[in-house]
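Protein chains: 2
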Amino acid sequence: MSENYELGSQLREFLRGLVGEHGGVAWGPRVKLAGLKENFEGTKVKPYTVTPGGIDNLALHSTDVFTVPGRGEFSVDFKGYFKVARDHPTSTDWTKFELFVNIIDLKLFGESKDLGEIGVSLNPDVLSSGQIFPASSPQGSAKCRIATGVVFDMPQLGLSVFNKEPILLMNEHVTSIPPVDDPNGHALLFMLPLFDRANPSGKAVAHLTSLRYGADNYLSEAEVKSIQTRSVG
Amino acid sequence: MSENYELGSQLREFLRGLVGEHGGVAWGPRVKLAGLKENFEGTKVKPYTVTPGGIDNLALHSTDVFTVPGRGEFSVDFKGYFKVARDHPTSTDWTKFELFVNIIDLKLFGESKDLGEIGVSLNPDVLSSGQIFPASSPQGSAKCRIATGVVFDMPQLGLSVFNKEPILLMNEHVTSIPPVDDPNGHALLFMLPLFDRANPSGKAVAHLTSLRYGADNYLSEAEVKSIQTRSVG
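Heads up: the sequence lines are chains L and W, in that order. If you want this note's numbering, it's the position in the first sequence, counting the first as 1, plus 3. If you want this note's numbering, it's the position in the second sequence, counting the first as 1, plus 3.
Since the hints were derived computationally from the structure, they do not count as laboratory data. Predicted, not measured: the structure shown is a model, and the values here were computed from it. A hint or two may mislead.
Which copy is meant is left open, so a pair is good if it fits within one copy or across any two.
[As the list claims (entries may be wrong)] Cross-link-like lysine-lysine pairs, in silico, BS3-like; alpha carbons within 27 Å at most:
id : residue 1 : residue 2
1  : Lys35     : Lys49
2  : Lys35     : Lys146
3  : Lys99     : Lys206
4  : Lys35     : Lys99
5  : Lys40     : Lys206
6  : Lys206    : Lys35
7  : Lys206    : Lys146
8  : Lys49     : Lys99
9  : Lys82     : Lys146
10 : Lys47     : Lys99
Bound-form chain L, shown alone:
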């Protein structure tokens, strides 16, 4: 390889260090938050209808399966919330709209007999972004994908791990926007590596092998505050 290539690589490595070991990445477009209204408990959603832009505060649950080398496989149930910024749609036609989303906050809590308490939070070093795709007919399902970056804190193991490849949350059976009380979400993944925040350039210390999730009801402001201030460990 040429000296210029080498120098370029070294410069990139150096700057990458400044940006943060995790990369500092946006997986898709950033949704402008200015002018988007926050939606809480009491918000109604209509099926098969393109909802105007907003910021949804929704309860969230998931079941994640991890493998940890030398320790085995563990299935953990999580509960918490996520805050999703939905941009204004390009059309109100259920079969034509284009709509971008960002997850701007996420907190989940779970407990495992073997791994102890686990907290999940949004990784601030990546922009978790996604899109809702229109249905092919007026009573058909829309489809959703969100590339998500999180941190799993496992205080009992003294570990805090994160994903470098997105956890692709998806749902091919979306009948309302947002998909409230919809248990059909899953992550499209295969042995997704999770890296130690204390040694981010090292090899994976765990793998995420399965994730199923559901978006639940709108939360009150007080419920959101209560979840936001909770922590593990």
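Keeping the supplied structure of chain L fixed, place chain W upon it in accordance with the hints.
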């Protein structure tokens, strides 16, 4: 959000600009190339056997399906090669080894009636990295995953597009290392966004909706040189 958070975000954005719009990301560990022998035509592989580290030059073919908004869906056949650096395995036991790989070069060429000639090359701004997982029994299949970043050059459309989320090449039926003459590869993806290199922060200009691939025979040095020097447009 606090002023410190805002300042941190702005600083990250600024530095990200210096690093390169594409992020400058490593999706997994870097394989050290020093001491790894390049393997060409004539190299033999034994089934169900953990091969010592090396750099494989293999023919590669794929069938990719793209959707381009306003233009429709297109299936394109590609042929070319990839160069894969395989690290030294941690064990010679087919049921226990751990082995990391990087794709360090990739070139594919295809042609579509509608989209014209298309060239695929490795994205130099990301480290395409992966792992081969051991089988659960001596005659069982190993599994492979490689998170891959590429650039699709479409000169007829005046477009050069790239993926920000990895294209996850995978194969759950690996019976030799490397998987020579193995047509069983596919990418695990759902509407993977492809971004315009001329406007990387904009919305996706195409989506990759399906990718199937096969790793073929070892190539001669002359064949590799010939593919490396070919270009589209």
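To see whether the hints hold, each was checked on the structure:
In this homomeric assembly, Lys35 and Lys49 come within 27 Å of each other (Cα to Cα) only inside a single copy, at 24 Å, whereas the closest approach across copies is 55 Å. Within a single copy, Lys35 and Lys146 get their C-alpha atoms as close as 22 Å, which meets the 27 Å cut-off; across copies the closest is 41 Å, which misses it. Taking the shortest Cα distances, Lys99 and Lys206 sit within 27 Å of each other only across copies (16 Å), while inside one copy they are farther apart (43 Å). For a Cα distance limit of 27 Å, the shortest separation of Lys35 from Lys99 inside one copy, 22 Å, qualifies, whereas the shortest one across copies, 48 Å, does not.
Taking identical chains as interchangeable, the C-alpha atoms of Lys40 and Lys206 lie at most 27 Å apart only when they sit on different chains, with a minimum of 23 Å there against 42 Å within one chain. For the identical chains of this complex, Lys206 and Lys35 are inter-copy neighbours only, at 13 Å across copies versus 36 Å inside a copy, given an alpha-carbon limit of 27 Å. Proximity of Lys206 and Lys146 under a CA criterion of 27 Å is satisfied inter-copy only: 17 Å between copies versus 34 Å inside one chain copy. Proximity of Lys49 to Lys99 under the C-alpha cut-off of 27 Å is restricted to the intra-copy arrangement: shortest distance 17 Å within a copy versus 52 Å between copies.
When the C-alpha separation of Lys82 and Lys146 is checked against a cutoff of 27 Å, the pair qualifies only within one copy, where the shortest distance is 23 Å, while the shortest distance between copies is 32 Å. With identical chains, the CA atoms of Lys47 and Lys99 are at most 27 Å apart within one copy only, with a shortest distance of 22 Å there and 53 Å across copies.
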